[in-house]
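K.L.:
Residue numbers (my numbering), protein chains in the order written: chain A, 1 to 227; chain B, 1 to 221; chain C, 1 to 46.
If you're looking for bench data, these hints aren't it; they were derived computationally from the structure. Just to be clear, a hint being listed does not mean it is correct.
[What the hints assert, rightly or not] Heads up, simulated SDA-like pairs for lysine to any residue below, C-alpha to C-alpha not over 20 Å straight-line:
hint: 1; chain 1: B; residue 1: Lys10; chain 2: B; residue 2: Leu118
hint: 2; chain 1: B; residue 1: Lys19; chain 2: B; residue 2: Ile88
hint: 3; chain 1: A; residue 1: Lys67; chain 2: B; residue 2: Gly198
hint: 4; chain 1: A; residue 1: Lys67; chain 2: B; residue 2: Leu65
hint: 5; chain 1: A; residue 1: Lys67; chain 2: B; residue 2: Pro90
hint: 6; chain 1: A; residue 1: Lys67; chain 2: B; residue 2: Gly188
hint: 7; chain 1: A; residue 1: Lys67; chain 2: A; residue 2: Pro182
hint: 8; chain 1: B; residue 1: Lys10; chain 2: B; residue 2: Ser23
hint: 9; chain 1: A; residue 1: Lys67; chain 2: B; residue 2: Arg220
hint: 10; chain 1: A; residue 1: Lys67; chain 2: B; residue 2: Thr216
hint: 11; chain 1: B; residue 1: Lys10; chain 2: B; residue 2: Ile88
hint: 12; chain 1: A; residue 1: Lys67; chain 2: B; residue 2: Lys10
hint: 13; chain 1: A; residue 1: Lys67; chain 2: A; residue 2: Ala227
hint: 14; chain 1: A; residue 1: Lys67; chain 2: A; residue 2: Val138
[Stated by the list, open to error] Chain B is faced by these chain A residues, among others (derived, beta-carbon under 10 Å):
hint: 15; residue: Trp48
hint: 16; residue: Tyr122
hint: 17; residue: Tyr125
hint: 18; residue: Tyr141
hint: 19; residue: Leu145
Positions of the beta carbon are idealized from the N, C-alpha and C atoms, including for glycine.
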Amino acid sequence: MRRLEPLLAPAVFVAMVAALWFIFMVVPTERQMGIVQRIFYFHVASAWLAYAGFFTVAGASAVYLWKGSAAADRAALAGAEIGVLFCTFVVVTGPIWARPIWGVWWTWDPRLTMTLILWAIYAGYLMLRAFGGDDEAVARYAAVLGIVGVLDIPVIRVSVRLLHGIHPNVLNQPQGSGLSDPTMRLALLVASVAMLLLGGWLAMVRMRQERLSSELAALRRLAEERA
Amino acid sequence: MRAALAILRKDLRIEWRTKESLSSLIVLGVLLLVALAVAYDPTPETAPTLAPAVLWATFVFTGLLGIQRGFLVERENDCLAGLLGAPIDPASIFAGKLAANLVLLSAMQAIVVPLVGLFLHVDLAASFGGLLVVLLLGNLGFAALATLFAAIAVRTRAREVLLPVLLLPLLVPVLIGAVKATEHVIAGGLAGARDALGVLGAFDVIFTVAGWLLFTYVVRD
Amino acid sequence: MDNFPYLFAAYTAIWVGLFLYVRRLARRSRELEEEIQDLRRQLGRP
C-alpha cells in the first residue's frame, strides 16, 4: 500500500480529467433532460462515495471498540468527514438537478429523504467529535454512534417507503435509471473511480494529519514532564 | 436480570418520591400538544388527520427531555460511578434504565393520549387495543436508542443540544412507522398497519440488542 | 440548452465544497507546524 502512495495524487488528477472529458466531451446530450443530465455522473458517484465513507466509519468504529486501535479511530474520523463531504454534494447537486427537470427543488421521495437523514446522522457524528469535549472517551462515544448509524440504514430505507410522495407524477422515473447510451454507463464508471480516488486521497491526507497531531500531543506531554 | 429489575425499582422509587420528572414531562407534553393544535388551528373535520403526527411529535420531543433529565440527575449525584463499582454488568444497567424510561414514557402517554383525543376530536378509545400495540412498539425503539445516547450525551460538553441532534435523525424510522401505524389503527384497525408495525418491530429488535451490546462501551469510564 | 446555469451551479457547488475542505486541511497543517515550532523552542531550553 505504501509503495503505491506516490501514485495516488497523479492518479486522482488523471481520473478527474478523464471523468470531466467523458462527461463533457464523450457522452451525448440526454434526450429528455438536456444538458442538466450531466450533473448526474458526479451526483451518483458522490452518493456511492458517501456510503463508502459511512461504512468505513462503522467498520473502523467496530475495530476501535474491539481493539482500541488509534489508527482505526482516525480512519473513522476521516471516513465521516469524507462521507459528509460527499453526501453534501449529493444533497446540493440533487435539488439543482431537480429544479429544471421536475419543477421543484425538493420532494420527500424515499431516496432523497434517506440521503438527507443519513447526512444528518453523520453530521451529528462530526458535531459529537467537535463539541463533545476533549475527553478521550469521546472517541468511544463517536464509535458507538458510527455503528448505530450504519445499523439504521436498512431500517430507514424501509421506513421511508411508507411515506407517500405529495405529487406522485413528479417523479416519472427513479433518479438515474434509464442510462440509454453505453457511453453514459462508462462515464458513470469513470466518474465513480475519479471520486473514489479523490475521496481516498483526501482521507489519507486527513488521517496522516490526525496521526501527526496525536504524536505532537504526546511529544508535548513529554516536554512538559521534563520541564 | 435481577440487577436490571433492581435498577428499575430504584429508579421508579426515586421518581415516585419527587415525581419531578414525571410531572414536568406531563406538563410539557400537554403544552406541546396545545401549541401544535393552536398552530395548526384545524377544523373539527380536519383535526383527526393531525392526531397521529401530533401524538408522536409530542412524544418524541417530551421523551427526549425526560430521558435526558434522568441521566442528568444521576450524573449530578455521581450515581453511575457507584453503580459501576458494584458487580453489575453494564448491560443490566442498560436494561434497567430502559425499563424505567419505558415506564416514564407510558405514564406521560397515559395523560397525553386521551387529551389528544379530546383536543383533536378523535375517538381513540375505539382503537384502544391497536393504539396500545403501536405505543408499545414505538416506545421500545425510542427508549432503546434514547437510553443509549442519553448516557453518551450526559458525559459530553454540549449535552442539552447534542442529544436531540444525535437522536432525531436516528429515530426517523420510529417516527414514520409509529405515525403511519397510528393512522391505520385509527382508520381501520391493526391489519392495515402491518407494514408500519413491521418497521417498528425491526427497529426495536435491532436497537435493543445494539444498545444492550454497546452500552458497556459508553460507561466504561 | 438554456439550463446551463444549473449545470454551472452544480459543478461549482462541488468545487466550492472541495476547496473549503482542502483549505481546512491546509489550515490544520499550519497549526501543526506552529506547534512543532513551539515544541522546538520549549525543548531548546530544557
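K.L.:
Tell me, in ascending order, the numbers of any earlier hints that this structure violates.
P.N.:
1, 2, 3, 4, 6, 7, 12, 13, 15
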